[in-house]
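Student: Sequence:
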Amino acid sequence: MTNFVARLKRVADQPEVFQQFSRGVERETLRYTPDGAIAQTPHPQSLGSPLTHRWITTDFAESLLEFITPVSHKVDTLMAQLSDVHHFAQSKIAHEKLWPLSMPCYVGSEEDIQLAQYGSSNSGRMKTLYRTGLKQRYGSLMQIISGVHFNFSFPETFWDALYGEQPEAQRQETKSAAYFSVIRNYYRFGWLIPYFFGASPALCSSFVQDRKTDLPFEAIGQTLYLPYATSLRLSDLGYTNHAQSVLKIGFNSIDQYLTGLNQAIRTPSEAFAKIGVKVDGEYRQLNSNILQIENELYAPIRPKRVAQSGEKPSDALARAGVEYIEVRSLDVNPFSPIGITEQQVRFLDLFLTWTALSDSDPMDNCELECWRDNWRKVVLEGRKPGLELQIGCHGEKLTLAEWAKRVFSDLTLIAEQMDKANGDTAYQEVCQQLADWIDHPEKTLSAQILEQTRELGGLGKVGRYLGEKYQEANLQHVYQTYSSSIMEQEVSRSLAAQQAIEQQDTQSFDEFLQNYFRYLEE
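The sequence shown begins at 1 in the UniProt record's numbering and counts up one residue at a time.
It cannot be assumed that every hint is accurate.
To be verified - Pairs of lysine to aspartate or glutamate residues, derived as EDC-like cross-links and limited to a Cα-Cα distance of at most 20 Å, are as follows:
1. K135 to D236
2. K9 to E416
3. K469 to E451
4. K127 to E502
5. K461 to E218
6. K304 to E168
7. K384 to D373
8. K9 to D410
9. K420 to E16
These aren't lab readings, by the way, just hints derived from the structure by calculation.
Can you build the whole structure from these sequences, using the hints too?
Tutor: Printed below as a string of structure tokens:
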């Protein structure tokens, strides 16, 4: 019996484990005007305060909404909550719509992108200044690419089944080590996610108007595309940071990760120093290190813990270990009015369970480069017939299809146990659907969206067509988890909370920043 099969059997003997996964979703989407351009209007006050609202905030720009679900244990509940938030937001933004694609709609110039504003409090001003730094460092266009983040954790019963009862301190170490095993396996095989669900094989030519690229783009009107690409969002054109390529942040243990991360936020950057931090009395960035703050580390998956008030993410991890993981490789699903489908959630359940139950050897820099190369191949040419990938520096080469089938033989075993625990066939159906996509890449999301782009004559037309359809669907949605009064109460609460924070400030902004970054001097 393999280690994987033995571990699966131990977990499957406790069927309630498969009913207790914790999941949450964060979905980003641009507000856009009827003519397909990015909205110039500020974040609507009718949506509440983006600084303090539980479910609706902004990301980089005023026009870049982010919808957040609370943690729940049922897939149905998760989807209902996200649908409710979409319904409420769409009902408040008048004639504007929600862009249904990861790559941005038409942007005339970077000046059309207004940085997100969070009020006059020091914490609010710091959030905007962080974004000013991102604009100075990488330009605004890259920052308005949208994605979906999937937060996930296993229940305590999962760890009990695998490791038996443990004292609290030992369990904390066990869980952190296990989540880093998940992260390593995610880096090795997570390219399955852009293969199946990458939905950005094309982009508007306005996105690259002032940027050099060696990619051999083909054109459909004003749309540029790569014939076999899956997710340009995850390519060097998209949400990446070349300056971070010098960082050697390892994933073999929580200590190794935190050491690398802490070094990164303390390492000065010559290029960013040239920008200046405060010039002629105006701040341009938080500091001139490779990372202004930890959030600037771009990664396809992150170890996370809910931080206490005033606590930095890495301090939370150091204090109590990994609590959950954040999967960051999902493009917005253009075939869903809420950007993600139940099929995707169930696949992630299966895949993340597989990464936890499978062996996961330590990973050196050579292997890290190997997986980066595999991901690069899949995002740029994942649907290319016979595409070969290599797992490990000295490992065997197999085609993407062969690697995928090996993984799916295990995923099917997990699906059977999950369905047995839940009394249905939902997970096996997802396995069957996606296994078919391995041999039929034309069924993947990237192939489908490229086909629509050809049919309609450009990506902008696809975005406007789908956006209009989803505006109608989201407006017609009937609340399932929340209600109009609950949503309005949260708007009022968030606005009052922002006001209270602003009234409590006693320091100047300069003093606030000095105190915040005192840890860099330690």
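Student: Return the numbers of the hints above that this structure violates; sort them in rising order.
Tutor: Violated: none.
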